[in-house]
Each structure stands twice: as structure tokens, then as C-alpha cells.
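Number of protein chains: 2
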Amino acid sequence: MTDIDQYLRLHGERFEAELCDLLRIASVSAQPECRAEILRAADWLDARFRRLGFRSEIVATEGCPLVVAESPHVEGAPTALVYGHYDVQPADPLDRWTSPPFEPTRRGGNLYARGATDDKGQMLTHLLSAEAWVECRGALPLNLKYVIEGEEEVGSRSLETYLAGQADRLATDCIVISDGAQFAPGIPAICYGLRGIAYYELRVAGPNRDLHSGSFGGSVTNPAGALAKVLAGMTDNQGRVTIPGFYDDVAPLSDQERRLLAELPFDETEYLLQLGVTGTWGEEGYTLLERRWARPAYDVCGLWSGYQGEGAKTILPATAHAKFSFRLVPNQDPHKITQGIKWLLTELCPPGIELELVDLHGSPGLLVSLESPYVDAAARAIEQAFGRRPVLTREGGSIPIVATLHETLRADVLLLGWGQNDDNTPAPDEKLSLADFHRGIRASARLWQELAHVP
Amino acid sequence: MTDIDQYLRLHGERFEAELCDLLRIASVSAQPECRAEILRAADWLDARFRRLGFRSEIVATEGCPLVVAESPHVEGAPTALVYGHYDVQPADPLDRWTSPPFEPTRRGGNLYARGATDDKGQMLTHLLSAEAWVECRGALPLNLKYVIEGEEEVGSRSLETYLAGQADRLATDCIVISDGAQFAPGIPAICYGLRGIAYYELRVAGPNRDLHSGSFGGSVTNPAGALAKVLAGMTDNQGRVTIPGFYDDVAPLSDQERRLLAELPFDETEYLLQLGVTGTWGEEGYTLLERRWARPAYDVCGLWSGYQGEGAKTILPATAHAKFSFRLVPNQDPHKITQGIKWLLTELCPPGIELELVDLHGSPGLLVSLESPYVDAAARAIEQAFGRRPVLTREGGSIPIVATLHETLRADVLLLGWGQNDDNTPAPDEKLSLADFHRGIRASARLWQELAHVP
Numbered sequence: 000m001t002d003i004d005q006y007l008r009l010h011g012e013r014f015e016a017e018l019c020d021l022l023r024i025a026s027v028s029a030q031p032e033c034r035a036e037i038l039r040a041a042d043w044l045d046a047r048f049r050r051l052g053f054r055s056e057i058v059a060t061e062g063c064p065l066v067v068a069e070s071p072h073v074e075g076a077p078t079a080l081v082y083g084h085y086d087v088q089p090a091d092p093l094d095r096w097t098s099p100p101f102e103p104t105r106r107g108g109n110l111y112a113r114g115a116t117d118d119k120g121q122m123l124t125h126l127l128s129a130e131a132w133v134e135c136r137g138a139l140p141l142n143l144k145y146v147i148e149g150e151e152e153v154g155s156r157s158l159e160t161y162l163a164g165q166a167d168r169l170a171t172d173c174i175v176i177s178d179g180a181q182f183a184p185g186i187p188a189i190c191y192g193l194r195g196i197a198y199y200e201l202r203v204a205g206p207n208r209d210l211h212s213g214s215f216g217g218s219v220t221n222p223a224g225a226l227a228k229v230l231a232g233m234t235d236n237q238g239r240v241t242i243p244g245f246y247d248d249v250a251p252l253s254d255q256e257r258r259l260l261a262e263l264p265f266d267e268t269e270y271l272l273q274l275g276v277t278g279t280w281g282e283e284g285y286t287l288l289e290r291r292w293a294r295p296a297y298d299v300c301g302l303w304s305g306y307q308g309e310g311a312k313t314i315l316p317a318t319a320h321a322k323f324s325f326r327l328v329p330n331q332d333p334h335k336i337t338q339g340i341k342w343l344l345t346e347l348c349p350p351g352i353e354l355e356l357v358d359l360h361g362s363p364g365l366l367v368s369l370e371s372p373y374v375d376a377a378a379r380a381i382e383q384a385f386g387r388r389p390v391l392t393r394e395g396g397s398i399p400i401v402a403t404l405h406e407t408l409r410a411d412v413l414l415l416g417w418g419q420n421d422d423n424t425p426a427p428d429e430k431l432s433l434a435d436f437h438r439g440i441r442a443s444a445r446l447w448q449e450l451a452h453v454p
Numbered sequence: 000m001t002d003i004d005q006y007l008r009l010h011g012e013r014f015e016a017e018l019c020d021l022l023r024i025a026s027v028s029a030q031p032e033c034r035a036e037i038l039r040a041a042d043w044l045d046a047r048f049r050r051l052g053f054r055s056e057i058v059a060t061e062g063c064p065l066v067v068a069e070s071p072h073v074e075g076a077p078t079a080l081v082y083g084h085y086d087v088q089p090a091d092p093l094d095r096w097t098s099p100p101f102e103p104t105r106r107g108g109n110l111y112a113r114g115a116t117d118d119k120g121q122m123l124t125h126l127l128s129a130e131a132w133v134e135c136r137g138a139l140p141l142n143l144k145y146v147i148e149g150e151e152e153v154g155s156r157s158l159e160t161y162l163a164g165q166a167d168r169l170a171t172d173c174i175v176i177s178d179g180a181q182f183a184p185g186i187p188a189i190c191y192g193l194r195g196i197a198y199y200e201l202r203v204a205g206p207n208r209d210l211h212s213g214s215f216g217g218s219v220t221n222p223a224g225a226l227a228k229v230l231a232g233m234t235d236n237q238g239r240v241t242i243p244g245f246y247d248d249v250a251p252l253s254d255q256e257r258r259l260l261a262e263l264p265f266d267e268t269e270y271l272l273q274l275g276v277t278g279t280w281g282e283e284g285y286t287l288l289e290r291r292w293a294r295p296a297y298d299v300c301g302l303w304s305g306y307q308g309e310g311a312k313t314i315l316p317a318t319a320h321a322k323f324s325f326r327l328v329p330n331q332d333p334h335k336i337t338q339g340i341k342w343l344l345t346e347l348c349p350p351g352i353e354l355e356l357v358d359l360h361g362s363p364g365l366l367v368s369l370e371s372p373y374v375d376a377a378a379r380a381i382e383q384a385f386g387r388r389p390v391l392t393r394e395g396g397s398i399p400i401v402a403t404l405h406e407t408l409r410a411d412v413l414l415l416g417w418g419q420n421d422d423n424t425p426a427p428d429e430k431l432s433l434a435d436f437h438r439g440i441r442a443s444a445r446l447w448q449e450l451a452h453v454p
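Residue numbers (numbering that gives the first Met the number 0), protein chains in the order written: chain A, 0 to 454; chain B, 0 to 454.
Bear in mind the hints are in silico, worked out from the structure with no lab data behind them. Quick reminder that beta carbons are idealized off the backbone N, C-alpha and C, glycines included. There may be inaccurate statements among the hints.
Label-pair distances were calculated between CB atoms; the ranges are [unchecked claim]:
#: 1; chain 1: B; residue 1: 60; chain 2: A; residue 2: 204; range: 26 to 32 Å
#: 2; chain 1: B; residue 1: 369; chain 2: A; residue 2: 345; range: 44 to 50 Å
#: 3; chain 1: A; residue 1: 105; chain 2: B; residue 2: 42; range: 40 to 46 Å
#: 4; chain 1: A; residue 1: 34; chain 2: B; residue 2: 107; range: 38 to 44 Å
When you get a sec, could you build the whole thing from the sequences and use the hints?
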């Protein structure tokens, strides 16, 4: 691999410049006003694949387009499919960014921009590693397919629809995804489990206008107070979700797995210190890592109602809103969870207000077998590039489409995160370490080699 | 009173124009950027009192200035002190106003503007009625003092400070305040009880940045979820406040008073219909009117945290905020309530977050004796102007300074609301019926006559 390593060193700066180009495109899928930037990002990728000599296509959808590309066919070689996404999270609050979110800026060995780690920087490693093979060896040692979508941050609906008819075209031996974090700086990881998600908006409507809280307070139900009651009622005082049947399908942690998690070099005190909190709280009976990776979690993601300005406004607000989510674990079914929430809402809703639940998106979790030969191949590739064998972990986040990819293509999934846990996604000052970016490209180049030799 | 009635008719249009002038001044006390408008409103009133031949003074304070005026002395006659305020509530949300909040607009017999009823329109009736006496009779039949403040909507702190040293200068036989509503259209009222208030902002701080709810959810306390728990924990499922000792000092309703309240021509169905709600909810064991006027109430006035935009953002927010208030009844002490809340917060606060309680303002409630001869005098004046005897009511709102005025000046308080319950204060489209405005001026002119003859 000397030739390839040398190529990667020689072109490292240009790779960074290319990433910066892509990061300058504000492809926020949640915000309709970013539509033109979404299209620009897809065009950028499509052109990039073509420059590599790959077949590439922009697939129009009802939402954001997909970019689907394929390397020149290598007869008799296995196939890997790379999944990634070019859309990013909203950048607000803008005033808390040190440098503007869509002007990539290098500081202290990191590249700061919205999308740097999630997922433009990580996704690009698998394209640039292919370039090295093509330029150094004239061809890849295996067949590569790429599916890069633009709706990962809003539920991957268009890709879900697309996949239904493309099982043959996208047929693959394994699926490669880099959209996560290493275990810690210097400790790479292969992630064998993802949580799912069920994300909702709750709208509470009370009186037909904002009322004076003095003249009317106590006589009618306060929508903001009712919202607090409903949100609070979704967990008990032991941190357990109160939705009926919520835990029925939860795949329990095996003793072996609890032991593996406990053996990871995880410093809870350091973790809390880094987050700036003085204590931890969650479902009783589980360790912090278990709660974070392998147990369901309930989070209120947004709240708004009534007066948010300075000083006092004596108001009984007409409406109140929340966004909240449940992180799900295998084998919870988001649709069943939605039914349970609806039942709970009718239980918790006081008279005089109306609740509307909007199901924004949902996807199940995933577990990959630790016996998979592709996991072994990836571990070897990472060990060569990072200088140490990766640990095996699970991940609390969701890549909503991964379970569908797995089910549709019946292929093992390799979750190879090149980022770090403090990369600030989806907060202000999102970043990617440039060292990780280049190590990721090196590991990816070796991965193609290792996967080509899986029996 | 024929001469005075004729004068009021003749000058009615000009009175409306003068009110519009004052309403065009955006004197929002809660918003520091409105400082210049606050000063303009005070200047306007000061100049207006001088044009009437009254002594008038703008009293500078640490906050918004007071306007203190006095009619030429009438030897041997009693004194009435008029209290009012020239500051108004914030006008947001601006996009829900039919016409701009600070461009007074006539529609269907009403004048629409922020401050139309609360309190510029009502307060002005007591100035314009005095003009009629001065112009028709050359003098008032009693001594009038006016204290018009600019911080009623934010807690009246400057006036509280000022009053401490002015008991002699402001000495009076009774206090006249019009800053409320009639019982219903065509049914004027004298209000003999006000609720107090204790208003707070609660700030919840969790991790040092917004976190990804997938990677971190379940491992650290969610500030927005914690806020919901804390706010929900302030009442039980029977609508009773859970702060220890909260009800200890509550003056209970007498059987006679409950009977009087029950006899009022109040149509609960119509009330709920007008507010656009299908049901009512509050403290168990009390009627809607009792809950609204004579029992404490808890209201969440504002909420904000995390993502409030379109679609889904998978965030564990760093902070969460609420504004909330308790409406208090005699003899609850706001300071004692604050202590109780602080105790409850330490009980309800989960590990890993920090709570900060900001006491924005507080004032006790008030009850006036129904035996007061001034109440009788006011009832006669109102009967003449409105064509029917007023009902006796209590009011759920607070005029925070009223209890202090009562205590400092040791004078009976006459709460004579000229507005209506659907005047939309403090919501968009605040209004005052022009018929009520003119009836208020007529009743005020007669009030000076009746008060002059109280033995």
C-alpha cells in the first residue's frame, strides 16, 4: 500500500480544499429555504463521482435528490455499498458559532463547519480513498456502489421509497457507513448497534387568543402548563417511560455484553466534566454507557409558548409546542410507540385543551452480528491506518435508513465512525479533526483491499 | 349636571383624538428599547395636566418616571386620588394584530390599540371629566390628586419607592382606579377585591452546549425535560399548588360571599364559548368564578428551549426557560411564596442540572369593605351614567401597587373598571369600546360630585 499512502500524503491538502468546497454549501434539509443549496450539494457530488470515472446519477425524488454512483465493474470481485448523506442539521443558534457555520475554518488542527463531521467530511473519505486506488492502480480491487442522500436529518423518506425498487441494482456484500464517532481520541471503534428513533411535535391549543393571566388564570386550562404536565408524565421518577407496552419489545442486554461495555476504557467523571454537568440521571438500574447506547431514552428537543422576551408578561398563552423524541433500541417498533403515545396523551390531557401529535419521523434500531467476516476485515483495515485495533461499541444515535438498507439489501452493515464525541454535532462549532479525516481516508483505502479478500 | 353632560357630548370627538395621540406612543415598560417612548408618554400627560390648570410634575425615578398632578385647592372639600398607568404590555406577536398596535384604529364602535383599555383609555376618563368641571363650573367640587406611573406592567418598583416618603403630600380620603372590566356589556361593576401576584423566571442549565440527542440522550439530564417536570410538579392532579404552606394564609370565602358570586348573572357556557375552549379545569371544589377571582392560580406564561423551527432537530438542549406566576389572594405574602418555591425547586430538581429562580415581581392581594361610604358614592355615580346599579365583584388580575397605595395612604380603594372582559389585554387586538370610554367619562364626572358629598 506504499503507493497509495504516498498518493494520499501528496494530495492531502487538495482533499481538505475539496471538503471545504462541499462544506460551503448550506444544504440544510429541515429548512425549505435551503432548497437551492440542497440541489447544489447533489450536483457537486455527482460531478465529483464523474471526475473519478464512476457512473453517477442524480435521482430526483419528492424531497431532496439522491446521488447514486458506481465504480467501473471488476469481474469476480465482491461489492461494497457506501451510504452517506450530504444534508446537514440547521445551524442555529448562529450567534454561538465562533466562525460562520458555512465558512469552513481551520483552528487547532480541526476544521469547523456545519456538516464537517456529520456527514460530509466522513462520507468524503470513501470517495477520496477510491480516487487513490484509481490513480495509483488504475482500478479498485472490488466493486463500489455509493448511495448519498439528502434527507438523513429529516427521516430519509425519499431514500426509503427509492430503496423499495432497487434491491437488485444496489445488491452488495456489505454496507459501509461512516457517520459517527470513534470511542475516544486515538481509540477507533466499530459500532455494531444503533438506536432507532421516534420523533414528534406536540401542539397544544387552548383559548382562541392569549389571555390575561390575572383576569382568566384559574378559570381555564393553561396550554403551557398542560404541555409541562404531558411532557413530564411521559416518564416516571425512576426515569422509565410510562407509555404502556413501551418496554415489551426491548432486546435485553446479555450479561456478556454488559461485561464488554463495562470493560471499555470509559471515564464517567471525565465524560461529565467535558459536558459541563455535575451529575448524571436516567433510567435506574443501568450504567451511563448502557443508558446511552443500549437502552431507550426520552428527550425534549424543543419548547415554545407565550412570552419569551425580557421582563414579565402576565399572559395565559393560547398555544404551546414541544418537539420530543424517543431513542429506541432493537426490537422496538416506532409505529407501535406512536400508538402508545396517542393512548397516553388521551390519558394525560386535561379538559379544555386540544392536543395534536405530529409524527415527524421514526426508524427502528439495529444490531450487527459480531461473527461477521466483514467486521473482521474492517477491524484489520482500521488497525493498519490508526495503529491500534478498534474497540467494539454500540451507538446511541440513529441513522434512520440503516435498518432499511440492512433489510432491503440483506447485507452486513459496517459502522466506522471517523469523528469524535466532542465534534459538536448538531450544536454550534461543529468540527472534524483533520488528522481523523486523513486517517479515515487511509483506513478506507485499506478497507477496499481487505474486503476484496473476504472469502 | 346638564351643563357638564352637554360639554362632554360637544367635546367627545376631541377626547377620542386625544386618546389616540397617547396610544400612538409605544410606552412598553418591559422593553428597554422603548425608553424614549416612555419619556414621551410622561411628557404628554404632564403637559395635559398643565393645560387643565393643574400643578403637575414629572418625578424622575430609577426606572420610568411618575407623573404627579393636583387640581387647584378647594378649601374644606374632600380629596380623591386617581391612580393609573401610562405604560403598556409588549405588543408581540405583532403579526396577529389586525391593525398595527400603535396606530389606533376604529372598527365597529371600538378603538383598537395596545393600551386602549389597559390603561390609557380608562385612566384618561378621570382627566377629561375634570376638564368638564373646570370648563363648565370654573372649579372641581373636591380636591383631585393624580399619580400616573410607568411601571405597572413590570411591578411598580419606582412608585413603591416614591410612596414611602409621600404619605402626607398624597393624603386622600379615597383612591380611584379604573384599570379593569365591567362585569359584562351593560352591567357595570365595582370591584372590591383584587388578587396579588408572584411572577418568576426559571432558568434551567444543563450541559455546556446543545448535545446530539442520539449520542447523549439517556446519559445526562435533559434541561427541557427537567423544566417540564419542575413546572408540572408545582400543582397536583386536583389543580392544587404543591408549594408547602401555600394555602396557609389564604383568606377563605365566606358562605355569604359564595352566595353573592353564585347569584351573579354569569353564563359559564357562554364564557367558555367566547374563549373558544370546550371545557374548564382548575382547583377542585370551587366554581369557575371563585377560581378566577377569589382563589390562587398558577400559570405558565412563557416557555423556550432548544429547537423551535420547522421539522426535526435531534437535540438535547443546553438550557430551558420558563416564565410563570401565581395569582395570590388575601392574605398570601409573595415573599413567603418565593421561599416556598425555592424549597420545592430543591425537592424537584434532578441531578445534573442547575436551576436559577429570578423573582420578577410580587404584590399581595386586596379586599375593600363593602360598608365603605365611598363604595356607595361610586355606585350612585355609575348608576346615573350607565343607567343601572353596578354589581359588586372581585377581580382575578392584580394592580400590584394598589395594596401599597391602600396601606400607605390608609384610604378606601374604588376599583371602577370601564373596560370589557373581551378587550384582549394583553393579547393582540387590544380594544376599548368608545361607548364605554364616554360612559366612563360621564361616570367619573358624577363621581366627583358624589364624593364631594360623602359625610
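The hints, checked one at a time:
1. For residue 60/B and residue 204/A, the Cβ-Cβ distance of about 41 Å falls outside the hinted range of 26 to 32 Å, so the restraint is violated.
2. A beta carbon spacing of about 46 Å between residue 369/B and residue 345/A agrees with the range 44 to 50 Å that was offered as a hint.
3. At roughly 56 Å, the beta-carbon separation of residue 105/A and residue 42/B lies outside the given 40 to 46 Å, and the hint is violated.
4. For the pair residue 34/A and residue 107/B, the beta carbons lie near 43 Å from each other, so the given range of 38 to 44 Å is met.
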